[in-house]
Amino acid sequence: MKGYRKYFLNKMLWFVVTLVAAFILNFILPRLMPGDPVAAIVSRLAQGMSNSTGVQAIYEQYTELFGTNKPMLEQFFIYMKNVVRGDFGFSFSQYPRPVSEVIKASIWWTIALQFPAIIVGWIIGNSLGALAAYLKGGFDKVLMPVSIFVSNLPAFGMAVILLVIFAVNLKWFPTSGGYGFDLIPNMSWKFLWSVIVHYQLPFWSIVAITIGGQAIGMRSMAIYELNADYVKYSRFMGIKDRKIIGYVFRNAMLPQVTGLALSIGTMVGGALVAEIIFSYPGLGTTLLSGVMGQDYPLISAATLIITAMVLIANFLIEILYGFIDPRIKAAQSD
Amino acid sequence: MKRVSFVLSVLVALSMLLAACATPATEAPAATEAAATEAPAATEAPAATEAAAADPNSLPRNETLYFNGQQWGPVVGWNPYSNSNNNALAIAQQDSARVTMFETPYAYNMLDGKQYPLLADGDYVWNDARTEITFKINAAAKWSDGTPVTADDVAYTWATHVKYSTPTGAANIEYIENIEAVDAQTVVVKAKLNADGAAVNPLLVSAYLSTNYVIQKAWTETLEERVAGDATALLADTAEDVVYSGPYHKYFADDTKVVFVRDDNYWGQDASMFGALPAPKYLAHTIFKDNAAGFTALKAGEVDVSQQFNSNIQELWLNENLPISTYLPEAPYGIGASLPTAFFNLTSNGLDQVAVRKAIAMAVDYDTIISNAMTNQSATFTQVPRSLMNPTPGEQAMYDKAAVADLQWAGKDYEGAMALLDEAGVVDTDGDGWREFNGEKLSYVATCPNGWSDWQAAIEVVAAAGKEIGIEITTNYPEWSVYQTVVTKSDAPLPAGYDIFMMWSDGAGPTQPWGRIRKLLSSEFIGMPSNWNGNWGQYSNPDADALIQAIPGETDPAKLNEYYTELVNLYLTEVPSFTLMYRPQSFHAVNESVWTGFPHEGDGTNPPVPPLDMTDGWGVAGLYNLTLVNP
Amino acid sequence: MKHTIQQIFQSGKFVFGFSIFATILLIVIIYPLVITDAPLAIIGQGTFFPPGIYVNVYDSMDSTPYILNLDDAVAKRIAGKLGDQERLDIKDWLVAAGIPENEIDTSNTEQLLEQWVNNYDPQKKVAGMTFARQRYYQRLDASLDGLLSIEGVTVAQKSLETGLLEEIDAVGQSDYVNISEVTNKRVLLLGTDNFGRDMLTELVSATATSLKIGFVAGIIATLIGLTLGLLGGYIGGTVDDVIMFVTNLFIVIPSFVLLILISYSIGQEQRGPITVAAVIGFTSWVWTAKAVRSQVVSLRNRDHVNLSKLSGHSIVHIIISDILPYIASYVVMALILQISSGILAEAGLSILGLGPKTTDVPTLGLMMNWAMIYQAHILGRWWAYLPVLITIALITFSMNLMNTGLDQVFNPALRD
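Each protein sequence line maps, in turn, to chains A, B and C.
Heads up: the first sequence begins at 1 in our numbering, then just goes up one per residue.
Heads up: the second sequence begins at 1001 in our numbering, then just goes up one per residue.
Heads up: the third sequence begins at 2001 in our numbering, then just goes up one per residue.
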């Protein structure tokens, strides 16, 4: 375990350093955008006002409140203090809603959409890819080009096509929303069923593309492995294929698991296209309108969450790798 | 192997567990709203008007009126003192104020220009010196908690606006001296007087009566106590406990929809007002992410009233035979009320010359703008000649068309524009194909905010016009937050890149067309660091200013006609800005698959119900005429 | 080298992908030479003209009229205005107006029309009829006016002297013109978009721009990824750790957020296509860097590299001559993937409204964006968005096929 300790400490160190750097970047980047967010808020408030002193007063009020007139460094420390307490401040674009409420309202929809979609896509995609590598022949010849084509359709293309075919023309699925337009959220079967029905199109638009990408990747990795020396040797030795397969796929799976971890990490921001096309509630569009409205607190908070999730996923995977793959440990001591 | 299978099975189990947790996670939004649904569920029990077993968690289709195009993004609050609640169906204090939850003393009707009594009883009366308005409050008017609406509420509302410098207070403090309650039913509004003892601006004083809500004194006092005198907190308060007088109030609100429910004790069912309750029990608005989603819902019959700009909406009934219609059966489909205008930056090289400005205005192809950008949802300039007035008959009658007829120009008039430029000596001296002025090539940037598609399409046409007459015009579309910051800074000349820029002008209201003219031509806004009113090109003309000053105090219609005609004359001669198209006050398209009886041209209502999505000004009367298609 | 190229062109997948890509390139290069119209010229007054051949009506009147007596011309003309659905609707209205049902025969056109003309009253309020329906009947009535007449129409022009209308021409119901004789016509294979621009010309121009953006973005991303991967992988140690740290930062801050932020900050003014390409390139090099680095790590312990090290060659020399050739194939594949993802990234940005300026050049993403804003996909205007989607898919598909083909050549194990 001695080698592991050095490995872990190394990983831990970089995890912390990256976290700090990312945190600082998360704060700075939105504030580098040009334009004055307070002016945007004032414009909404001042519509219909006919005199200037009132508008000026409001402008000053809000600048004071949001602290945008203070130097950047001071703003950073205030921000850090608040984040530690869990207070992300007020959202500029949806003032006076606090950022935590804005995010809480939409993040569950995004996670509920993305997480199963990624997992399902990953499992199906990898299975298909592995099968194609193992079976070869006809199945492989069909699967490859289809996967390439589907995985290369841009995400909005897939979403628009699904929308037009299944929702607008065939009317099998609803065209928009997270649940029935005439329902109020509650714990009844009717509501849950409505949620599931509305869930289908956005879900499949993400899964279809994920499957394509995963299948190709897994197929390549599996083929590499299947042609490795140890496989040929084992076959000559008479070891049953089933036993060999287990080892083969364990090795082939490794890069895919990294990919999965990263996908999960970035899933919070990733459903943007599906949300826009299907009018599905979620964090993606909240974030986009935050960017358009220069809502620093919202952007910082959302990207912080994404950053944290990716870092944690990354870190966990690297630790897991250390246990699964002895080569990693060996390479580290190189 | 064992270890791998162990790890793998852990991973798989973990993912299944998380997936299983994820789906019920959709209950989280339900959980946060459970509190909201408890309260209305209680108020639903006594209401016996619905048939069969009422499911408190689904809205009966034939009792709900669905909207789109008003609410983009979640509702932030219910505070009538604030302007920033993003509460589209309830709070909008404007010329035709939104009176579904809160009410104004009078409701403006943009079709005939009159202010009809809402909370008030009978018309308001000016005193002889035109310095005070008196009106009575309808005795039947009540708040949602049962107490009557009194003159005291009106007075206290004004006092609160002033005390806490709310946007309303700041906007009107220079025109209204005070609002007093003479007795329980009578209100006197005192205008601010100028040095001569006449009201500074009687027009704006009378407009206050149909623009601003009356808010209950008792609730205001509760609010004041809660915020302990802090003005910012007063405006930021979400006011979930607000007391209202209107027919609808909050039923449910989350990130995906807002629902209002009717108060069956609404005072307006009294014979002195509407005599009945509004037909729909629920008003619901699903929050769509963009126009396309809302449009799809309209087509599918999931939306009854649409306030979006739906391009080519006539296709829906011409080609697809859907029961969708607009106020007018043919182009322009709606009543134009506002004039999106292209302003010139008068400090740019060459734009201080009338010839250059007028030439550009003459060269623009307005027909293409109207047919491509607005898909014919605007009157053409042949139908309604260019002026400072909107296309409504009321405003069109206020100036003498014949007197300015020869100042009109047709669009796409390349010869005329080039002749004008040649005459003025603005020619191409160095042979590069572009005209010069003062030795510098005429090169301008036409701009409007990014993402406002019909405006962007219009600006493209403006830019294309320049090429035809030898003036280089390119386009640029900054983000709205940047655009507004630059354009509204009127205490310095506009920076480069804003030579021809597009902004809105006022729609229909009791102070129009004076309000619009003031915001287009008055020099009083020059020098303001945050100018949200108008004249962003910083045009200054003392004659115009004098006329603008004189109009509010004038009552003789003949003299007013003279003043307005003179102003139009000035506008068409000097061309400090020019109208690009006509735009309706609100878009209004309806789907008759569930409800019918919507306002339309020639529907015989008296007073005529304006097409304002049945929520604004006198348009709210439309809610009382709705019937079900399949009762 | 020559042998490798021979092998590449023997690979079925590569050839297929390459031919698609080459066709697109050829079209993009040759089309503007043949058809010289400006791609952004607004030629239509109105939105989304359907594909077809547009013949100038005014000129067709000047053309020689030919008289053709076709049997079904009259029936077709009537059926166009009075189809089965319209007949049923008329019957519904008449029944609601009180005419007994057995007196109405929808197949007898003259009798039906006579009953209609005699009984229709636009002001009549039929119970349960929505307002939209009322207006429908008004439109139907207007369109049926003069349906059965066999007379032609008269064309009149306002005389310049008297200001009154003077007859200048008559058009009979059997007059036909030969399209090739009409002076002014325009073929719009893909109709027009919401601005009234010729879709096909615009599409070709947009493809060219998108390809350019993809190339620039791909090259920039590959260069950055290659350099960082090489340096980190070979030199190792602290340099490697620092490079991995920077790479991780870029992974951790979601690229699309970064892209949006940077695009937004640059502002519309500066957002020319090349600038957008550069921005995309600078945010998408991460995977190339990681992949190159892992390849280099496995390469650096090979014998020939150790030999070079012993020989005392400089690091730069070793990297260029010993390591680079071995990963060249990998880099080419990465370049292809970066180009295709660059094109997708630009399309994605434009859909959000953060792409290049609208008026300079069209790009595929911008065309999609405007089509969506004007709701083409909901109104069924397939020509406004479907060709764009197919083009994007074809470009990326062909590039990926080429990539797979190359993969198979360089890794014989993957050959089928």
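By construction, these hints were calculated from the structure, which means they are not laboratory data.
Treat each hint with caution, since some may be false.
[Claimed, not checked] Simulated DEER-style distance windows between Cβ atoms:
(1) B:L1328 with C:E2110: 30 to 40 Å
(2) C:V2055 with B:T1382: 47 to 57 Å
(3) A:K190 with B:E1174: 53 to 63 Å
(4) A:I78 with B:D1145: 52 to 62 Å
(5) A:K190 with C:E2110: 48 to 58 Å
(6) A:I78 with B:T1382: 52 to 62 Å
(7) A:F149 with C:P2051: 38 to 48 Å
(8) A:K70 with B:E1221: 46 to 56 Å
[Stated by the list, open to error] Quick list of in silico lysine to aspartate or glutamate cross-link-like pairs, EDC-like style, CA-CA up to 20 Å:
(9) A:K171 with B:D1367
(10) B:K1412 with B:D1367
(11) C:K2124 with B:E1315
(12) C:K2081 with C:D2037
(13) B:K1467 with C:D2037
(14) A:K136 with C:E2114
(15) A:K81 with A:E64
(16) C:K2125 with B:E1320
(17) B:K1441 with B:D1430
(18) A:K6 with C:D2241
(19) B:K1163 with A:E60
(20) C:K2091 with C:E2114
(21) A:K11 with C:D2037
(22) C:K2081 with B:D1406
(23) C:K2290 with A:E318
(24) A:K171 with A:D182
(25) C:K2124 with B:D1367
For every residue, glycine included, the Cβ atom is placed at its ideal position computed from N, Cα and C.
So, going through the hints one by one against the coordinates:
1. For the pair B:L1328 and C:E2110, the beta carbons lie near 34 Å from each other, so the given range of 30 to 40 Å is met.
2. Between C:V2055 and B:T1382 the CB atoms are about 27 Å apart, so this pair departs from the stated range of 47 to 57 Å.
3. For the pair A:K190 and B:E1174, the supplied restraint of 53 to 63 Å holds, since their beta-carbon distance comes to about 56 Å.
4. The hinted range of 52 to 62 Å is not satisfied by A:I78 and B:D1145, whose Cβ atoms lie roughly 42 Å apart.
5. Checking the proposed 48 to 58 Å range against A:K190 and C:E2110 shows it holds: the Cβ atoms sit about 55 Å from each other.
6. Evaluation of the 52 to 62 Å hint for A:I78 and B:T1382 yields a pass: the beta carbon distance comes to about 60 Å.
7. A C-beta distance of roughly 25 Å is found between A:F149 and C:P2051, which places it outside the suggested range of 38 to 48 Å.
8. The hinted range of 46 to 56 Å is not satisfied by A:K70 and B:E1221, whose Cβ atoms lie roughly 35 Å apart.
9. For the suggested pair A:K171 and B:D1367, the alpha carbons sit about 38 Å apart, so the restraint of at most 20 Å is broken.
10. With a CA separation close to 9 Å, the supplied pair B:K1412 and B:D1367 stays within the 20 Å bound.
11. The hinted pair formed by C:K2124 and B:E1315 fails the criterion: a straight-line CA distance of about 25 Å is larger than 20 Å.
12. A hinted pair counts as satisfied when its Cα atoms are at most 20 Å apart, and C:K2081 with C:D2037 does not qualify at roughly 38 Å.
13. For a cut-off of 20 Å, the pair hint linking B:K1467 to C:D2037 stands: about 16 Å separates their Cα positions.
14. The hinted pair formed by A:K136 and C:E2114 fails the criterion: a straight-line CA distance of about 73 Å is larger than 20 Å.
15. Taken as a hint, the A:K81 and A:E64 pair is honoured in the structure, with Cα atoms around 18 Å apart against an allowance of 20 Å.
16. Simply put, C:K2125 and B:E1320 have alpha-carbon atoms about 23 Å apart, too far for the 20 Å limit, and the pair is violated.
17. A C-alpha spacing of about 9 Å is found between B:K1441 and B:D1430, which places the hinted pair at or below 20 Å, so the restraint holds.
18. The straight-line distance between the Cα atoms of A:K6 and C:D2241 is roughly 14 Å, inside the 20 Å bound, and the hint therefore holds.
19. Restraint check: the Cα-Cα separation between B:K1163 and A:E60 comes to about 18 Å, which is no more than 20 Å; the hinted pair holds.
20. This hinted pair checks out: C:K2091 and C:E2114 have alpha carbons roughly 12 Å apart, not beyond 20 Å.
21. Of the pairs offered as hints, the one joining A:K11 and C:D2037 is violated, with about 60 Å between alpha carbons and a cut-off of 20 Å exceeded.
22. For the suggested pair C:K2081 and B:D1406, the alpha carbons sit about 44 Å apart, so the restraint of at most 20 Å is broken.
23. Between the alpha carbons of C:K2290 and A:E318 the distance comes to roughly 15 Å, so the proposed pair stays at or under 20 Å and holds.
24. Between A:K171 and A:D182, the direct Cα distance comes to roughly 17 Å. Compliance with the 20 Å bound is thereby established for this hinted pair.
25. Between C:K2124 and B:D1367 the alpha-carbon distance is near 36 Å, which puts this suggested pair outside the 20 Å criterion.
In this structure, the hints that do not hold are numbers 2, 4, 7, 8, 9, 11, 12, 14, 16, 21, 22, 25, in rising order.
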